[in-house]
Amino acid sequence: MRKYAVAGTMVVTCLAVLLSMSAVGWAVTDQQTLTINAAVAAKAKLTLGVAAINFADSDPDDVPSIGASENPVSVTVKAHSGSSQTVTLTVQASGDLESGGDSIPITNVTWTASGSGFLSGTMDTSAQPAGSWTGSGQRDGQFSYFLANDWNYQTGSYTQSVVYTLSAP
Amino acid sequence: MEQGKRESEQVAARALQLRSWRAPEGCALLARLAPAMAVVLALASGAAHASQAELSFDVTTVSFPSADPDLTPTIGAAENPVQVRVVVKGQQPSNPTQLTVQAAGDLMSGSDSIPVGRVTWTAQGQGFVSGTLSKTQPELVGQWLGKVDATGQLRFWLQNSWSYAVGAYSQNLVYTLIAY
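So the sequence lines, in the order shown, correspond to chains A and B.
Note that the first sequence covers residues 2 to 170 in our numbering.
Note that the second sequence covers residues 413 to 592 in our numbering.
Treat the hints loosely; a few may be bogus.
If you anchor each label on the Cβ, the simulated ranges turn out as follows [said to hold, decoys possible]:
1. T108(A) - N492(B): 48 to 58 Å
2. Q549(B) - S75(A): 35 to 45 Å
3. D141(A) - K559(B): 55 to 65 Å
4. Y165(A) - S525(B): 26 to 36 Å
5. Q32(A) - K559(B): 12 to 22 Å
6. V586(B) - S121(A): 52 to 62 Å
7. P170(A) - S573(B): 11 to 21 Å
Since the hints were made in silico from the structure, they are not lab data.
C-beta: ideal position from N, C-alpha, C; glycine also.
Next comes chain A alone, as it looks inside the complex (with noise of 0.2 Å):
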C-alpha cells in the first residue's frame, strides 16, 4: 500500500506541474542589444547685458566715485568642460580711457561682482580674473562698474575697449 501511495503522489505531483505549466502557458522570446553612445564636446559661451558702458560727468566733490548708467550688467557664462576642470573669465583692457591726446588711466576704472564664481577686480592692461567655476553648467551673474572721480581729468570724451574671455578646458 505504501508504494502505492508513493507512485500515486509522483503521478499526482507531475500532473499538478503539468497543469501548473500549461495554465502560465509557454512563451517564445528573443532578445537584441542596442549600443547608445553620446558625445559631450568641449563648449564656451559668454553674454554681457549691453555692449557699452558709460560714466556720466560728475562733480568729483559730489560724486568721488561715478556708476555706470547701465548698472548692474547681467553676465551669463555657459560651458561645456571636464568634470574637475576650471572654467575661468577674464578682462583685459586695450589700454588707457583715450580722448585724442589726453586719457584716464584705466586702473581708475573697478567693478563689483555678484553671483557665485564671479569676481571684483579693476581694470588693467593685463588679464584680470572674473569669475572661477569648476566644471560645467551655466552661471548667471552681476558686474556693476565704477570710475574713481578726479578734479585732475581734462575734459574730453573718453573711450576704450575692454575684452572678456571665457575658457573652458
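Please arrange chain B on chain A, whose structure you already have, making use of the hints.
Chain B only, in chain A's frame:
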C-alpha cells in the same frame, strides 16, 4: 500443512511479483497514465502557443553628437529612424506578444554620467509605442495579439544640457520580445 505451504508459496510469489515491479513502478505508472495526461494537457491548454519569435534592428548602435544646448535643446540620434521588425509565428489570435526595453544603467563616461531617463524615443508602426528609457524597469515598446509581422521606426532623442561634463558616454539597451 500442505495447504499452508502452498499459501506461503503463493504469498512469496506475489511478494516476488511486487518486488520485481517496484523498481520501475513510478515510471511504469506514469507511462500507463501518459495518454490520459496528454488529454488533460490538451484540454487545459486549450490553444496552440507561439512557435517562433524574431526581433531585429537595422542598426546595433545609436549615436548622439555633441551640440550647443541653446541651439539644440533636444539632440536626435544620427541613425534616426531606426527600423525594428517583430515576427511571431504559430500564434492564435488571442495570444499576446510584448516588446520591452530596459537600459543597463545611466549613460557613462568614466565616472561621469547622464541619467538614462534623458533619452526618449518616438515610435511609428502598428503596435509600437513611444516612451522614455529606464534603468530600473522594462518599458513597453510594442504589443500585439496573434501572429505578428510588424515593422516600425524608432526615433531616439537626448535632452541636452549645459550640466553635462565633457566625455564619450555609452550604455546598452536590452530589447526583449516575448510571445505567448
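Compare the structure with the hints numbered earlier in the document and write down the numbers of the violated ones, lowest to highest. The structure conflicts with no hint, since it agrees with every one listed earlier.
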